Amino acid sequence: MSLGAAIGLGALYSLPALLLLAARYALLCSGMDARARRRYAVSALVFGAFSIACCGLLAAFRGELALPVFWELLLPALAAGLLVRQIRRT
Amino acid sequence: MKAFRLAAVAAAICLTALGVATAEASFFVAALPLAAWSALGFFRSAPDLRLEAERWVSDSFPDAGTTVEILVSVRNRGARIERLSLRDSLPAGVHLSSGRTEWAGSLDPDASARLGYAVSVDRGVHRFESLRALADEPFTALAAEATLPCPAKIVAPPERLLCGPLALESSAVRPFAGESRARRQGGGSDFAGTREYAPGDPLRSLNWRAEALWGESIVNIFEEDRALDVGIILDARAEAYDRAELFEAAVAAAAALADRLLEGGNRVAFLSYGAAVEWTPPGAGRAQRTAIRIAAARASFGDHAAFERFDNLPVRLFPPRSSVLLVSPLLRGDLVALLSIRALGYSVTVLRPDPLSAPGGRGESSGSDAARSGAGRLARRLMDLEAKTLEGRLRRARIEVIDWDIGKSLARSIEIAEAAR
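The listed protein sequences derive, respectively, from chains A and B.
Take 894 as the starting number for the first sequence in this note's numbering and just add one per residue.
Take 587 as the starting number for the second sequence in this note's numbering and just add one per residue.
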């Protein structure tokens, strides 16, 4: 798979998340000052770029890595997050 | 903004389910960014809200129907808030005239957000309690909500009605001059007659011309109106009013009469008799005027088994033999109670907001077929006759009744009643 195709597929897979962030921006931008808008835009761009890169990488491996990543990386990260949150609360 | 996080989680779950169902890895890949974004929230904490709110009201004692400006200032005592939305809620009876009760924006540490708007108020006591603040972390969609107390109270007495002089009478008067029909000899400047000089009469009252004419020492006698003790009773029984408009008119009339009587130098007490008995003790002057206007603002009509009739009217609260002014549309069963009050030595006057006169009243539903029909006309005629009979019986007991069409001027109705005396 060529680099362009991988990036294209990565963008396609990231599209739901990117649309969600764009919708949030459209909804919130009127109630934020320039500094907050800039900060949001930068965060969204970084997240979008990272997401496209990761999804592109997974697509390059024909999705074979997707399931292991999902189960072995994201779920432990979620569990860790929940644990940290619970510890903070107590 | 929990909705976004929920949407992201739901979409991620749906895509994962599709991936499991179709054994297609692409769905898992598409679910990953959404799941990752949702998971970001677990590693961040919601914005810490340390806000102080303060409310400023341009006039806390306005007349009903006037416009009041309200300014709410919210100061941020904590860290910067990327997006803050504020929402103020208006109590019942307060209507937004201009401006907005919502605000959204970013707030730096020690900076203030201002929320300004104008409202028009109905009669009553209106309490503003708190402001709702919602801080949103734009990227992670983490939100924190707080209720900021910023109390304020607006007391809106009824609108001021023009009211002409109402001369009441009473067998007991106060030792001061005032506006009434109770005249007493003594001070004052109104000439009342002459009589023979008696030791102790002031020399300045000697009538030298009469002495020269009749050869006796004659003194002039002067008289003046004396101040009275007046008790105003506002009938607040729900049964007596078929619509709120009539009660509002009665409250406005009671307040206007109290104003006028206080202006005339009289001592006035106020009693609201309905779901509860609200008593303002007798007093005179500006402080009493304010106290009565506050009582009029608080008056509300309602039902209570003990106060369905005037039998439990605590008329003994009023000074003995004073003048009692009742503002009431009157019910059929009120006759006996009013006669009892009269028998106790009180001078009673009734101001009767006429329920038949205004559109939408008991006898007439404006624009309705019933009002135009023969049955409607007959009902109106019967009610009119019943009112006239009650009025006649009250007048025979020397209880004066002033009928007031609430669609017309109160001053004019009083003027007509005074002329008919």
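Derived from the structure by calculation, the hints contain no laboratory data.
These numbers come from a predicted model, not from an experiment.
One thing to keep in mind: the hints can contain errors.
[To be verified] Only part of the chain A face toward chain B is listed, based on derived beta-carbon distances under 8 angstroms:
hint : residue
1    : A904
2    : Y906
3    : A910
4    : D926
5    : R931
6    : A937
7    : C947
8    : A952
9    : V962
10   : P969
11   : A970
12   : L975
13   : V977
We treat Cβ as the ideally placed atom computed from N, Cα and C, and that holds for glycine.
Right, here's what the structure says about each hint:
no.: 1; hint: A904; result: violated, 11 angstroms
no.: 2; hint: Y906; result: holds, 4 angstroms
no.: 3; hint: A910; result: holds, 4 angstroms
no.: 4; hint: D926; result: holds, 4 angstroms
no.: 5; hint: R931; result: violated, 11 angstroms
no.: 6; hint: A937; result: holds, 7 angstroms
no.: 7; hint: C947; result: holds, 7 angstroms
no.: 8; hint: A952; result: holds, 6 angstroms
no.: 9; hint: V962; result: holds, 7 angstroms
no.: 10; hint: P969; result: violated, 11 angstroms
no.: 11; hint: A970; result: holds, 6 angstroms
no.: 12; hint: L975; result: holds, 6 angstroms
no.: 13; hint: V977; result: holds, 7 angstroms
The earlier numbered hints that this structure contradicts are 1, 5 and 10.
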